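In the order they appear, the protein sequences are chains A and B.
Heads up, the working numbering is the position in the first sequence plus 93, with the first residue counted as 1.
Heads up, the working numbering is the position in the second sequence plus 4, with the first residue counted as 1.
Check the hints yourself; a few may be wrong.
[Stated by the list, open to error] Here are the simulated lysine-lysine pairs, DSS-like style, with alpha carbons at most 25 angstroms apart: (1) K59(B) / K195(A); (2) K70(B) / K18(B); (3) K161(A) / K195(A); (4) K68(B) / K195(A); (5) K142(A) / K45(B); (6) K151(A) / K162(A); (7) K195(A) / K162(A); (8) K142(A) / K162(A); (9) K151(A) / K195(A); (10) K70(B) / K24(B); (11) K24(B) / K195(A); (12) K70(B) / K59(B); (13) K68(B) / K18(B); (14) K18(B) / K195(A); (15) K161(A) / K151(A); (16) K24(B) / K59(B); (17) K70(B) / K195(A); (18) K18(B) / K59(B).
These aren't lab readings, by the way, just hints derived from the structure by calculation.
These numbers come from a predicted model, not from an experiment.
Okay, here's what each chain looks like letter by letter:
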Amino acid sequence: AQSVTQLGSHVSVSEGALVLLRCNYSSSVPPYLFWYVQYPNQGLQLLLKYTSAATLVKGINGFEAEFKKSETSFHLTKPSAHMSDAAEYFCAVSEVGGATNKLIFGTGTLLAVQP
Amino acid sequence: GAVVSQHPSRVICKSGTSVKIECRSLDFQATTMFWYRQFPKQSLMLMATSNEGSKATYEQGVEKDKFLINHASLTLSTLTVTSAHPEDSSFYICSARDLGLAGYNEQFFGPGTRLTVL
Chain A
94 AQSVTQLGSH
104 VSVSEGALVL
114 LRCNYSSSVP
124 PYLFWYVQYP
134 NQGLQLLLKY
144 TSAATLVKGI
154 NGFEAEFKKS
164 ETSFHLTKPS
174 AHMSDAAEYF
184 CAVSEVGGAT
194 NKLIFGTGTL
204 LAVQP
Chain B
5 GAVVSQHPSR
15 VICKSGTSVK
25 IECRSLDFQA
35 TTMFWYRQFP
45 KQSLMLMATS
55 NEGSKATYEQ
65 GVEKDKFLIN
75 HASLTLSTLT
85 VTSAHPEDSS
95 FYICSARDLG
105 LAGYNEQFFG
115 PGTRLTVL
């Protein structure tokens, strides 16, 4: 069975500081991995996705993530935090070629950006 | 592109009534749509997978007679909460899988519907 673990339910950074949100996955088959962002009372917006091409994936709003198979990780980073980055971030895994196409979500990390 | 809408965005109803939530893919065809439920400060819980022209597949623990799902076309799925009770109050989010991107399992999410049952 697939699963996703997001370490740190709350992360607080200063504006301009590095953002690092951690995601580790468990999957018996090669996975697809996703990072989504959710602003209050809104749906989810895709930040980036890993689909077995380049291991370093660049997304929107200056975010990127690196797929590390040896560490089963897909951590999300941004070099310099902006106030507008404050939101909830979800990591998700999906099974490559899976019949159900389900996304399994982590529990989320709430990012706070301090001025 | 890849826009998913939900209607209504917020609904307040009395206990015992039924509420219908619509999920539409506006600029793409979606053979598969998903319905999620999200409690405050929690992650998304998949309720069911909706396939166009066939019965929905419900996750374990989700009452199919209470949460009726219909996926009548490639652009519309509906979730009806029957005989709603206060414990059904939640944020309901749908997503749709783009037929054209079938190889990547990517889902596009709607903005969500806030249901409050009094």
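Structure-based check of each hint:
1. Proposed proximity of K59(B) and K195(A) is supported: the alpha carbons are some 16 angstroms apart, at most 25 angstroms.
2. Pair hint K70(B) plus K18(B) holds up; C-alpha atoms about 16 angstroms apart against a cutoff of 25 angstroms.
3. Proximity of K161(A) to K195(A) is assessed by CA-CA distance (about 22 angstroms); at most 25 angstroms being required, the pair is judged to hold.
4. Between K68(B) and K195(A) the alpha-carbon distance is near 18 angstroms, which keeps this suggested pair within the 25 angstroms criterion.
5. Of the supplied pair hints, the one linking K142(A) and K45(B) holds, its CA atoms being roughly 23 angstroms apart against a limit of 25 angstroms.
6. Distance restraint check for K151(A) and K162(A): the Cα-Cα separation of roughly 17 angstroms lies within the 25 angstroms cut-off, and the hinted pair is therefore satisfied.
7. Between K195(A) and K162(A), the direct Cα distance comes to roughly 21 angstroms. Compliance with the 25 angstroms bound is thereby established for this hinted pair.
8. Restraint check for K142(A) and K162(A): satisfied, since their Cα atoms lie roughly 15 angstroms apart, inside the 25 angstroms limit.
9. Distance hint between K151(A) and K195(A) is fulfilled; the C-alpha atoms sit about 23 angstroms from each other, no more than 25 angstroms.
10. Only pairs whose Cα atoms come within 25 angstroms are accepted, and K70(B) paired with K24(B) is accepted, the gap being roughly 12 angstroms.
11. Proposed proximity of K24(B) and K195(A) is supported: the alpha carbons are some 23 angstroms apart, at most 25 angstroms.
12. Distance check on the hinted pair: K70(B) and K59(B) sit about 15 angstroms apart at the alpha-carbon level, within 25 angstroms; holds.
13. For the proposed pair K68(B) and K18(B), the alpha carbon gap of about 21 angstroms is at most 25 angstroms, so the pair holds.
14. Taking the CA atoms of K18(B) and K195(A), the gap is about 33 angstroms. The hint is violated against a cut of 25 angstroms.
15. Distance hint between K161(A) and K151(A) is fulfilled; the C-alpha atoms sit about 15 angstroms from each other, no more than 25 angstroms.
16. This hinted pair checks out: K24(B) and K59(B) have alpha carbons roughly 17 angstroms apart, not beyond 25 angstroms.
17. For the hint linking K70(B) to K195(A), the alpha-carbon distance of about 22 angstroms falls within 25 angstroms, and the restraint holds.
18. At roughly 28 angstroms between alpha-carbon atoms, K18(B) and K59(B) are farther apart than 25 angstroms, so this suggested pair is violated.
Going down the numbered hints, you'll see the structure goes against 14, 18, while the others check out.
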